[in-house]
Each structure stands twice: as C-alpha cells, then as structure tokens.
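S.K.: Let the sequences and hints guide you as you build the complete structure.
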Amino acid sequence: QQRIHKAILLLLEAESFDEFIHTITMDLASLLDVDIAVLVVESNGNEIQHVHTSGIRLIPHGTVDKWMNGKSVMLEDNISGIEPIYGGGATLVKSQILLRVDISMDTPPAILAFGSRHADMFQEGQATDQILFLARVIERCFRTWLSLPV
Numbered sequence: 360q361q362r363i364h365k366a367i368l369l370l371l372e373a374e375s376f377d378e379f380i381h382t383i384t385m386d387l388a389s390l391l392d393v394d395i396a397v398l399v400v401e402s403n404g405n406e407i408q409h410v411h412t413s414g415i416r417l418i419p420h421g422t423v424d425k426w427m428n429g430k431s432v433m434l435e436d437n438i439s440g441i442e443p444i445y446g447g448g449a450t451l452v453k454s455q456i457l458l459r460v461d462i463s464m465d466t467p468p469a470i471l472a473f474g475s476r477h478a479d480m481f482q483e484g485q486a487t488d489q490i491l492f493l494a495r496v497i498e499r500c501f502r503t504w505l506s507l508p509v
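Using the working numbering, the letters of the sequence shown correspond one by one to residues 360 to 509.
Source of the hints: derived by calculation from the structure; they are not laboratory data. Be aware that one or more of the hints could be misleading.
As the list claims (entries may be wrong) - Derived lysine-lysine pairs resembling DSS-like cross-links, with alpha carbons at most 27 Å apart:
#1 Lys365 x Lys453
#2 Lys453 x Lys430
#3 Lys453 x Lys425
M.R.: Listed below in structure tokens is the structure:
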C-alpha cells in the first residue's frame, strides 16, 4: 500500500507531460519492485491520438480487448513475456499483471503492464484493489494533462 501511495504522489508531482510518462515507464518499476513497467496503447498508425512522446509501446487496434478478454486486470504466473508489450525485455518476464487503462472516449484503450523475472510474483487470486486504484489515478492524470473529457 505504501508503494502505491508513493507512486501516486510521484505521478501527481510531475511538472510536465513528458515527466508524467517517464514516471510511468521508468520510475514505477523500481517503486513497485518489479522488473519492467510499460504503457501499451492501441494505434491505427505510427502515432497515438493526443500523445506524441517516446516511452509508450504501440499495438494494433483491437489488441487490448483480445488480450484482456473483458477483464480490467489480469495476473499471470509462469509465462513467457509478450514481445509487443515488453520489447527486448520480454525474455526476462516470467509473471505479469496487465491493467486496462481507459483514458477517455477520445483515446484508444491501453494497458499498463508490470513484468517480473520471478515466475510467482503475480498470481491469479492476488488482491488487486491497490493496483487498480493506481490505474484509475493514471487515467485521471492523463485526462488532466491532455485536457480530455471522461
């Protein structure tokens, strides 16, 4: 709980959109004691509507629904990391938590992914209320930074 609170405070203290993205893609991993944190966003092309910054991985339209299968959170253990999510770090990932991130009706769906080299770090049945709260805070921060409606 303390790690989630610290992560949220760091996200809220970002002084620019780029710093906010950096916090998600670089700082959250160490704060939450995981090996990799990634924001993956659907895109129909080479850009994401409203977002023009590095540090975000792009996936084809429809992928979030396919991967999440109607769930807002998925915990998986004893896996092989997914290259479209983790890029070159995929071989390291042995367990993961995927969080659906719906920023706005005007933005494509996204996934906040946390991967661990430990095969049993994330397992079905673990409590997810705190990490889901983090995802909801990130959605609201995005809307604020990008001046988007709900």
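S.K.: Hints first: check each against the structure and report whether it holds.
M.R.: How the hints compare with the structure:
1. A threshold of 27 Å between alpha carbons decides the hint, and for Lys365 with Lys453 the separation of about 25 Å falls inside it, so the pair holds.
2. Distance restraint check for Lys453 and Lys430: the Cα-Cα separation of roughly 21 Å lies within the 27 Å cut-off, and the hinted pair is therefore satisfied.
3. Straight-line distance between C-alpha atoms of Lys453 and Lys425 comes to about 20 Å, which keeps the hinted pair within the 27 Å bound.
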